[in-house]
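Sequences and hints are given; from them, build the entire structure.
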Amino acid sequence: TQLLEQSPQFLSIQEGENLTVYCNSSSVFSSLQWYRQEPGEGPVLLVTVVTGGEVKKLKRLTFQFGDARKDSSLHITAAQPGDTGLYLCAGARDSNYQLIWGAGTKLIIKP
Amino acid sequence: DAMVIQNPRYQVTQFGKPVTLSCSQTLNHNVMYWYQQKSSQAPKLLFHYYDKDFNNEADTPDNFQSRRPNTSFCFLDIRSPGLGDAAMYLCATSRDYTILGAFFGQGTRLTVV
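Protein chains in written order, with the working numbering: chain A, 1 to 111; chain B, 112 to 224.
Honestly, the hints are just simulated from the structure, not real lab data.
Treat the hints with caution; some may be incorrect.
What the hints assert, rightly or not - Selected chain A positions facing chain B (in silico; Cβ < 7 Å):
#: 1; residue: E41
#: 2; residue: G66
#: 3; residue: P81
#: 4; residue: T84
#: 5; residue: L86
#: 6; residue: Y97
#: 7; residue: W101
#: 8; residue: P111
By construction, the Cβ of each residue, glycine as well, lies at the ideal position given by its N, Cα and C atoms.
Dropping the structure here:
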């Protein structure tokens, strides 16, 4: 069974603080994707990382793929209330339509 | 803008009354998916189509069916909704395999009364 363990499951912090969300697995993935979902909406793809060790930045968000392509992290700098939402990581493998999902991190940024 | 559109956004149905949810895409992607999502949990894949080839997940109840009459449209039919089927239903697309990510619609919130 390919599991993606996502942590923490819930995080509530003050505006301006930094945070990191982790996704870990014992399996190798061809890519790791991060999605953000607001209440009542569908997930929105933020980034896909495909190369071991890859780092991608999206404004205040930094995504990293582990060297062995088994884990990934999302770091948010100076969090803002607009970052509030459910963050989901998902792993993909070649020749497979199935995404392996983490349990999600519910993030609340308090003004 | 190219996108995935789901209708309706909110659907209320009676226990046991068949209901159909629809999804359309302008991305011209080969693959369309239906997911079920409950209370801030990860989405659960019900089935997917690669073009017209239908692929059912092993644990998807028989109560759930799907149709894809053409590249752009896909439907989710729930033959006899139960209270446990109340959830957010998400349609998604991908060009081919999901390695580069999937594109989701806004979802349909289904309530069963």
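So, going through the hints one by one against the coordinates:
For E41(A), the interface hint holds, since its Cβ comes within 7 Å of a Cβ in chain B; the closest pair sits about 5 Å apart. For the restraint placing G66(A) at the interface with chain B, the shortest Cβ-Cβ distance is roughly 17 Å, beyond the 7 Å limit, so the hint is violated. A least Cβ separation of about 18 Å between P81(A) and chain B goes past the 7 Å threshold, and the interface hint is therefore violated. With a cut of 7 Å, the hint placing T84(A) at the interface with chain B is violated, because the nearest CB-to-CB distance is about 13 Å.
With its C-beta approaching chain B no nearer than about 6 Å, L86(A) sits inside the 7 Å limit, and its interface hint holds. Taken as an interface hint, Y97(A) checks out: its beta carbon lies about 5 Å from the nearest beta carbon of chain B, inside 7 Å. For W101(A), the interface hint holds, the least distance from its beta-carbon to any beta-carbon of chain B being 4 Å, beneath 7 Å. Given hint, P111(A) at the interface with chain B, is violated; its Cβ is 22 Å from that chain's nearest Cβ, farther than 7 Å.
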